[in-house]
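Could you put together the complete structure from these sequences and hints?
Mapping of the sequence shown onto mature numbering (1 follows the signal peptide of the UniProt record, and there is no 0): residues -23 to -1, 1 to 355, in sequence order.
For the record, the hints were derived by calculation from the structure and aren't laboratory data.
All the given hints hold, so there is nothing to weed out.
Below are the EDC-like pairs computed for lysine to aspartate or glutamate, each with C-alpha atoms no more than 20 Å apart in a straight line:
| no. | residue 1 | residue 2 |
| --- | --- | --- |
| 1 | 335 | 318 |
| 2 | 108 | 183 |
| 3 | 306 | 233 |
| 4 | 162 | 98 |
| 5 | 308 | 318 |
| 6 | 162 | 95 |
None of these values were measured; they are calculated from a predicted model.
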Amino acid sequence: MKLGSTALTMSVCLATLAGGLAAQEAEPAASGRKKPAAQQQQEKSPALTKADPQMQAVMEQLEALGGKPIEKLKPAEARRQPSPADAVTQLIQAKGNVAPDRLPPVGRVEMKQVPGPDGAEPVPVRVYTPKGDAPRGGFPVIVYYHGGGWVIASIDTYDGSCRALTDLTGAVVVSVDYRQAPEHKFPAAHEDSYAALQHVMANAADFGGDPARVAVVGESAGGNLATAVCMMAQERGGKVPVHQGLVYPIADYAFDTPSYKENANAKPLNAAMMRWFFEHYLNSPEDGEQVIVSPLRAGGDVLAALPPATIITAEIDPLRSEGVAYAQKLKAAGVDVAAQDYKGVTHEFFGMGLIVDKAKAANAFLAGRLKAAFNAGK
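Following this line, the structure appears as C-alpha coordinates:
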(Lines of atoms letter the chains of each structure in order from A and count residues from 1; the text may use other names and numbers.)
(Lines give C-alpha, C1' and ligand atoms only; values in the text may rest on other atoms or scores of the structure.)
Protein backbone atom coordinates (compact mmCIF):
# COMPACT_ATOMS: atom_id res chain seq x y z
CA MET A 1 0.00 0.00 0.00
CA LYS A 2 1.38 3.40 -0.97
CA LEU A 3 1.33 5.69 2.05
CA GLY A 4 3.01 8.75 0.55
CA SER A 5 4.75 11.47 2.53
CA THR A 6 3.11 10.48 5.81
CA ALA A 7 4.68 7.04 5.62
CA LEU A 8 8.07 8.67 5.00
CA THR A 9 7.72 10.91 8.03
CA MET A 10 6.60 8.00 10.18
CA SER A 11 9.48 5.85 8.87
CA VAL A 12 12.02 8.53 9.73
CA CYS A 13 10.57 8.74 13.23
CA LEU A 14 10.63 4.98 13.61
CA ALA A 15 14.19 4.70 12.36
CA THR A 16 15.41 7.43 14.70
CA LEU A 17 13.69 5.89 17.69
CA ALA A 18 14.79 2.37 16.81
CA GLY A 19 18.39 3.52 16.47
CA GLY A 20 18.31 5.18 19.85
CA LEU A 21 16.71 2.20 21.51
CA ALA A 22 19.16 -0.23 19.94
CA ALA A 23 22.05 1.81 21.32
CA GLN A 24 20.82 1.38 24.86
CA GLU A 25 22.36 -1.63 26.56
CA ALA A 26 20.91 -3.14 29.69
CA GLU A 27 23.11 -2.40 32.69
CA PRO A 28 23.60 -5.42 34.94
CA ALA A 29 22.32 -4.89 38.44
CA ALA A 30 25.28 -4.41 40.75
CA SER A 31 25.38 -6.24 44.03
CA GLY A 32 23.01 -4.52 46.41
CA ARG A 33 21.62 -2.24 43.73
CA LYS A 34 17.84 -2.16 43.37
CA LYS A 35 16.61 -3.36 39.99
CA PRO A 36 14.62 -0.92 37.85
CA ALA A 37 10.87 -1.06 38.42
CA ALA A 38 10.26 -2.13 34.82
CA GLN A 39 12.69 -5.04 35.21
CA GLN A 40 10.99 -6.12 38.43
CA GLN A 41 7.61 -6.04 36.67
CA GLN A 42 8.93 -8.16 33.81
CA GLU A 43 10.11 -10.79 36.27
CA LYS A 44 6.68 -10.84 37.91
CA SER A 45 4.94 -11.10 34.55
CA PRO A 46 6.46 -13.78 32.29
CA ALA A 47 4.17 -12.64 29.46
CA LEU A 48 6.07 -9.35 29.16
CA THR A 49 9.31 -11.17 28.39
CA LYS A 50 7.73 -11.96 25.00
CA ALA A 51 7.51 -8.30 24.06
CA ASP A 52 9.65 -7.19 21.15
CA PRO A 53 12.16 -4.36 21.80
CA GLN A 54 9.93 -1.55 20.54
CA MET A 55 6.99 -2.75 22.61
CA GLN A 56 9.24 -3.26 25.61
CA ALA A 57 10.41 0.35 25.36
CA VAL A 58 6.82 1.57 25.57
CA MET A 59 6.07 -0.62 28.59
CA GLU A 60 9.22 0.57 30.36
CA GLN A 61 8.27 4.18 29.70
CA LEU A 62 4.74 3.55 30.98
CA GLU A 63 6.21 2.04 34.15
CA ALA A 64 8.47 5.07 34.56
CA LEU A 65 5.44 7.38 34.50
CA GLY A 66 4.49 5.91 37.87
CA GLY A 67 0.86 5.02 37.43
CA LYS A 68 -1.02 3.13 40.13
CA PRO A 69 -2.82 -0.19 39.53
CA ILE A 70 -6.15 0.86 38.04
CA GLU A 71 -8.02 -2.09 39.51
CA LYS A 72 -7.26 -0.75 43.01
CA LEU A 73 -8.56 2.76 42.36
CA LYS A 74 -11.84 4.62 42.22
CA PRO A 75 -12.86 5.40 38.61
CA ALA A 76 -12.20 9.13 38.98
CA GLU A 77 -8.62 8.48 40.08
CA ALA A 78 -8.16 5.72 37.51
CA ARG A 79 -8.96 8.20 34.75
CA ARG A 80 -6.05 10.38 35.89
CA GLN A 81 -3.44 7.63 35.55
CA PRO A 82 -0.90 7.70 32.72
CA SER A 83 -1.87 5.68 29.67
CA PRO A 84 0.11 3.82 26.99
CA ALA A 85 -0.62 6.81 24.75
CA ASP A 86 1.19 9.03 27.27
CA ALA A 87 4.19 6.69 27.18
CA VAL A 88 4.29 6.84 23.38
CA THR A 89 4.09 10.63 23.45
CA GLN A 90 6.99 10.80 25.92
CA LEU A 91 9.16 8.54 23.77
CA ILE A 92 8.49 10.64 20.69
CA GLN A 93 9.05 13.95 22.48
CA ALA A 94 12.33 12.67 23.92
CA LYS A 95 13.67 12.49 20.37
CA GLY A 96 12.48 16.03 19.63
CA ASN A 97 11.96 15.42 15.93
CA VAL A 98 8.20 15.18 15.63
CA ALA A 99 5.10 16.72 17.20
CA PRO A 100 3.04 13.68 18.28
CA ASP A 101 -0.25 15.56 18.14
CA ARG A 102 0.29 16.39 14.47
CA LEU A 103 1.00 12.94 13.04
CA PRO A 104 -0.43 11.34 11.06
CA PRO A 105 -1.70 14.54 9.40
CA VAL A 106 -5.34 15.08 8.52
CA GLY A 107 -7.16 17.88 6.75
CA ARG A 108 -9.39 19.08 9.57
CA VAL A 109 -10.44 18.06 13.11
CA GLU A 110 -13.58 19.45 14.73
CA MET A 111 -16.01 18.67 17.53
CA LYS A 112 -19.71 18.15 16.86
CA GLN A 113 -22.72 16.66 18.61
CA VAL A 114 -25.16 14.04 17.41
CA PRO A 115 -28.55 13.19 18.94
CA GLY A 116 -28.34 10.72 21.81
CA PRO A 117 -30.70 7.83 22.46
CA ASP A 118 -34.23 8.64 23.61
CA GLY A 119 -34.18 10.74 26.76
CA ALA A 120 -30.41 11.19 26.81
CA GLU A 121 -28.17 14.16 26.15
CA PRO A 122 -26.53 14.65 22.74
CA VAL A 123 -23.39 12.59 22.15
CA PRO A 124 -20.17 14.54 21.44
CA VAL A 125 -18.13 13.31 18.49
CA ARG A 126 -14.76 14.32 17.10
CA VAL A 127 -14.66 14.41 13.30
CA TYR A 128 -11.41 13.84 11.38
CA THR A 129 -11.65 14.87 7.73
CA PRO A 130 -8.98 13.78 5.22
CA LYS A 131 -6.84 16.18 3.26
CA GLY A 132 -7.95 17.17 -0.21
CA ASP A 133 -11.27 17.40 -1.95
CA ALA A 134 -14.03 14.90 -1.27
CA PRO A 135 -14.65 12.38 -4.05
CA ARG A 136 -17.92 12.43 -5.92
CA GLY A 137 -20.58 11.20 -3.50
CA GLY A 138 -18.49 12.02 -0.45
CA PHE A 139 -15.72 10.43 1.57
CA PRO A 140 -16.17 6.98 3.05
CA VAL A 141 -16.89 7.16 6.79
CA ILE A 142 -15.60 5.26 9.81
CA VAL A 143 -17.56 5.50 13.06
CA TYR A 144 -14.90 4.83 15.70
CA TYR A 145 -15.28 3.68 19.32
CA HIS A 146 -12.40 4.12 21.77
CA GLY A 147 -11.32 1.62 24.41
CA GLY A 148 -11.06 1.88 28.19
CA GLY A 149 -13.36 -0.83 29.51
CA TRP A 150 -16.41 1.48 29.22
CA VAL A 151 -14.95 3.31 32.27
CA ILE A 152 -11.67 5.10 31.52
CA ALA A 153 -9.84 6.73 28.57
CA SER A 154 -11.40 9.08 26.05
CA ILE A 155 -11.41 10.23 22.46
CA ASP A 156 -8.21 12.13 23.30
CA THR A 157 -6.44 8.93 24.36
CA TYR A 158 -7.17 7.33 20.99
CA ASP A 159 -6.47 10.34 18.81
CA GLY A 160 -3.51 8.57 17.19
CA SER A 161 -5.63 5.66 15.99
CA CYS A 162 -8.18 7.99 14.43
CA ARG A 163 -5.55 10.05 12.65
CA ALA A 164 -3.92 6.91 11.26
CA LEU A 165 -7.23 5.56 10.00
CA THR A 166 -8.11 8.87 8.34
CA ASP A 167 -4.71 9.09 6.70
CA LEU A 168 -4.52 5.48 5.51
CA THR A 169 -8.10 5.04 4.31
CA GLY A 170 -9.04 8.50 3.07
CA ALA A 171 -12.17 8.26 5.21
CA VAL A 172 -13.85 10.70 7.53
CA VAL A 173 -13.49 9.27 11.04
CA VAL A 174 -16.21 10.09 13.57
CA SER A 175 -14.89 9.27 17.05
CA VAL A 176 -17.75 8.78 19.53
CA ASP A 177 -17.45 10.18 23.06
CA TYR A 178 -19.98 7.79 24.59
CA ARG A 179 -21.03 7.93 28.25
CA GLN A 180 -18.95 5.95 30.73
CA ALA A 181 -19.51 3.92 33.88
CA PRO A 182 -20.05 3.92 36.77
CA GLU A 183 -21.86 7.22 36.31
CA HIS A 184 -23.73 5.64 33.40
CA LYS A 185 -24.19 1.90 33.68
CA PHE A 186 -24.98 -0.64 30.95
CA PRO A 187 -26.40 -0.15 28.37
CA ALA A 188 -25.56 3.58 28.22
CA ALA A 189 -22.33 3.21 26.22
CA HIS A 190 -23.99 0.77 23.84
CA GLU A 191 -27.03 2.99 23.30
CA ASP A 192 -24.92 6.11 22.72
CA SER A 193 -22.79 4.18 20.26
CA TYR A 194 -25.81 2.90 18.36
CA ALA A 195 -27.46 6.32 18.26
CA ALA A 196 -24.28 7.89 16.90
CA LEU A 197 -23.94 5.25 14.18
CA GLN A 198 -27.53 5.60 13.03
CA HIS A 199 -27.31 9.39 12.92
CA VAL A 200 -24.09 9.34 10.93
CA MET A 201 -25.45 6.79 8.46
CA ALA A 202 -28.66 8.78 7.97
CA ASN A 203 -26.84 12.11 7.69
CA ALA A 204 -23.47 11.16 6.22
CA ALA A 205 -23.51 14.13 3.86
CA ASP A 206 -23.41 16.47 6.88
CA PHE A 207 -19.98 14.99 7.65
CA GLY A 208 -18.81 15.10 4.04
CA GLY A 209 -19.45 11.38 3.78
CA ASP A 210 -21.10 8.80 1.56
CA PRO A 211 -24.02 7.04 3.33
CA ALA A 212 -23.40 3.87 1.28
CA ARG A 213 -19.83 3.56 2.58
CA VAL A 214 -19.92 3.63 6.37
CA ALA A 215 -17.91 1.22 8.53
CA VAL A 216 -17.38 0.81 12.27
CA VAL A 217 -14.05 0.34 14.04
CA GLY A 218 -13.32 -0.05 17.73
CA GLU A 219 -10.53 -1.01 20.10
CA SER A 220 -11.01 -3.17 23.21
CA ALA A 221 -14.32 -2.08 24.77
CA GLY A 222 -14.74 -0.07 21.59
CA GLY A 223 -14.35 -3.28 19.61
CA ASN A 224 -17.19 -4.70 21.64
CA LEU A 225 -19.29 -1.62 20.86
CA ALA A 226 -18.46 -1.83 17.16
CA THR A 227 -19.79 -5.36 16.74
CA ALA A 228 -22.65 -4.73 19.20
CA VAL A 229 -24.05 -1.83 17.18
CA CYS A 230 -24.13 -4.09 14.13
CA MET A 231 -26.20 -6.60 16.12
CA MET A 232 -28.45 -3.84 17.42
CA ALA A 233 -28.99 -2.52 13.89
CA GLN A 234 -30.02 -5.96 12.66
CA GLU A 235 -32.40 -6.49 15.58
CA ARG A 236 -33.97 -3.01 15.39
CA GLY A 237 -34.16 -2.67 11.63
CA GLY A 238 -31.52 0.04 11.58
CA LYS A 239 -28.86 0.82 9.02
CA VAL A 240 -26.00 -1.70 8.97
CA PRO A 241 -22.40 -0.65 8.21
CA VAL A 242 -20.46 -2.23 5.36
CA HIS A 243 -17.62 -3.49 7.56
CA GLN A 244 -16.63 -3.95 11.20
CA GLY A 245 -13.02 -3.53 12.31
CA LEU A 246 -12.52 -5.11 15.73
CA VAL A 247 -9.18 -4.50 17.42
CA TYR A 248 -8.63 -6.83 20.42
CA PRO A 249 -12.38 -6.68 21.17
CA ILE A 250 -14.04 -7.63 24.44
CA ALA A 251 -16.12 -10.55 23.21
CA ASP A 252 -17.17 -12.48 26.32
CA TYR A 253 -17.94 -11.97 29.98
CA ALA A 254 -15.57 -14.75 31.06
CA PHE A 255 -12.17 -14.88 32.70
CA ASP A 256 -11.04 -18.48 32.20
CA THR A 257 -9.66 -18.52 28.66
CA PRO A 258 -6.06 -19.58 27.90
CA SER A 259 -4.98 -15.98 27.29
CA TYR A 260 -6.55 -14.81 30.56
CA LYS A 261 -4.45 -17.39 32.39
CA GLU A 262 -1.29 -16.77 30.40
CA ASN A 263 -1.56 -12.97 30.60
CA ALA A 264 -3.18 -12.61 34.01
CA ASN A 265 -0.51 -10.11 35.10
CA ALA A 266 0.26 -8.54 31.74
CA LYS A 267 0.66 -4.83 31.07
CA PRO A 268 -1.08 -2.56 30.24
CA LEU A 269 -4.16 -4.81 30.64
CA ASN A 270 -4.46 -7.64 33.14
CA ALA A 271 -7.19 -9.96 34.34
CA ALA A 272 -7.94 -7.97 37.51
CA MET A 273 -8.51 -4.83 35.46
CA MET A 274 -11.00 -6.62 33.24
CA ARG A 275 -12.99 -7.75 36.27
CA TRP A 276 -12.89 -4.16 37.56
CA PHE A 277 -14.22 -2.82 34.25
CA PHE A 278 -17.11 -5.27 34.17
CA GLU A 279 -17.98 -4.60 37.82
CA HIS A 280 -18.28 -0.88 37.13
CA TYR A 281 -20.18 -1.12 33.84
CA LEU A 282 -22.63 -3.96 34.38
CA ASN A 283 -25.63 -3.67 36.68
CA SER A 284 -25.42 -7.38 37.46
CA PRO A 285 -23.71 -10.54 36.13
CA GLU A 286 -26.87 -11.21 34.12
CA ASP A 287 -26.02 -8.21 31.92
CA GLY A 288 -22.86 -10.03 30.91
CA GLU A 289 -24.93 -12.79 29.34
CA GLN A 290 -26.47 -10.44 26.79
CA VAL A 291 -24.98 -10.90 23.34
CA ILE A 292 -24.13 -7.21 22.94
CA VAL A 293 -21.81 -7.60 25.95
CA SER A 294 -20.72 -11.15 25.06
CA PRO A 295 -21.03 -11.41 21.27
CA LEU A 296 -19.17 -14.71 21.38
CA ARG A 297 -22.36 -16.20 22.87
CA ALA A 298 -24.56 -15.09 19.96
CA GLY A 299 -26.24 -17.76 17.89
CA GLY A 300 -25.25 -18.53 14.34
CA ASP A 301 -28.34 -16.83 12.93
CA VAL A 302 -27.40 -13.55 14.64
CA LEU A 303 -23.78 -13.76 13.55
CA ALA A 304 -24.62 -14.69 9.97
CA ALA A 305 -26.42 -11.36 9.52
CA LEU A 306 -23.39 -9.29 10.53
CA PRO A 307 -21.19 -7.43 8.02
CA PRO A 308 -17.71 -8.59 7.00
CA ALA A 309 -15.14 -8.25 9.76
CA THR A 310 -11.46 -7.65 10.32
CA ILE A 311 -10.23 -8.81 13.72
CA ILE A 312 -6.84 -7.91 15.19
CA THR A 313 -5.46 -9.52 18.35
CA ALA A 314 -2.22 -9.19 20.33
CA GLU A 315 -0.17 -12.01 21.81
CA ILE A 316 0.34 -10.35 25.20
CA ASP A 317 -3.29 -9.66 26.00
CA PRO A 318 -5.92 -11.36 28.19
CA LEU A 319 -8.46 -10.74 25.40
CA ARG A 320 -6.53 -12.62 22.74
CA SER A 321 -8.37 -15.96 23.06
CA GLU A 322 -11.86 -14.49 22.83
CA GLY A 323 -10.89 -12.36 19.84
CA VAL A 324 -9.55 -15.41 18.04
CA ALA A 325 -12.63 -17.43 19.01
CA TYR A 326 -14.98 -14.70 17.80
CA ALA A 327 -13.25 -14.62 14.42
CA GLN A 328 -13.63 -18.38 14.15
CA LYS A 329 -17.30 -18.28 15.12
CA LEU A 330 -18.07 -15.52 12.62
CA LYS A 331 -16.35 -17.53 9.89
CA ALA A 332 -18.35 -20.61 10.83
CA ALA A 333 -21.52 -18.53 10.44
CA GLY A 334 -20.50 -17.61 6.90
CA VAL A 335 -19.23 -14.08 7.54
CA ASP A 336 -16.26 -12.84 5.51
CA VAL A 337 -13.55 -12.52 8.18
CA ALA A 338 -9.85 -11.69 8.02
CA ALA A 339 -8.03 -12.12 11.33
CA GLN A 340 -4.45 -11.42 12.30
CA ASP A 341 -2.69 -12.08 15.60
CA TYR A 342 0.41 -9.98 16.21
CA LYS A 343 3.25 -11.54 18.19
CA GLY A 344 5.41 -9.68 20.67
CA VAL A 345 2.95 -6.85 21.31
CA THR A 346 0.47 -5.99 24.04
CA HIS A 347 -3.06 -4.74 24.35
CA GLU A 348 -3.23 -1.11 23.13
CA PHE A 349 -0.43 -1.56 20.56
CA PHE A 350 -2.62 -0.55 17.60
CA GLY A 351 -2.32 3.19 18.23
CA MET A 352 1.49 3.11 18.46
CA GLY A 353 2.26 3.15 14.75
CA LEU A 354 4.79 5.98 15.08
CA ILE A 355 7.16 3.86 17.16
CA VAL A 356 6.05 0.21 16.98
CA ASP A 357 6.45 -1.42 13.57
CA LYS A 358 3.84 -4.10 14.22
CA ALA A 359 1.29 -1.41 15.02
CA LYS A 360 2.07 0.24 11.71
CA ALA A 361 1.56 -3.13 10.00
CA ALA A 362 -1.75 -3.66 11.82
CA ASN A 363 -2.90 -0.18 10.78
CA ALA A 364 -2.14 -1.02 7.14
CA PHE A 365 -3.85 -4.43 7.39
CA LEU A 366 -7.10 -2.95 8.70
CA ALA A 367 -6.92 0.02 6.33
CA GLY A 368 -6.58 -2.32 3.37
CA ARG A 369 -9.67 -4.26 4.37
CA LEU A 370 -11.65 -1.07 4.95
CA LYS A 371 -10.65 0.39 1.59
CA ALA A 372 -11.72 -2.80 -0.15
CA ALA A 373 -15.10 -2.61 1.60
CA PHE A 374 -15.50 1.04 0.65
CA ASN A 375 -14.58 0.37 -2.98
CA ALA A 376 -17.12 -2.44 -3.13
CA GLY A 377 -19.77 0.04 -1.99
CA LYS A 378 -19.19 2.48 -4.85
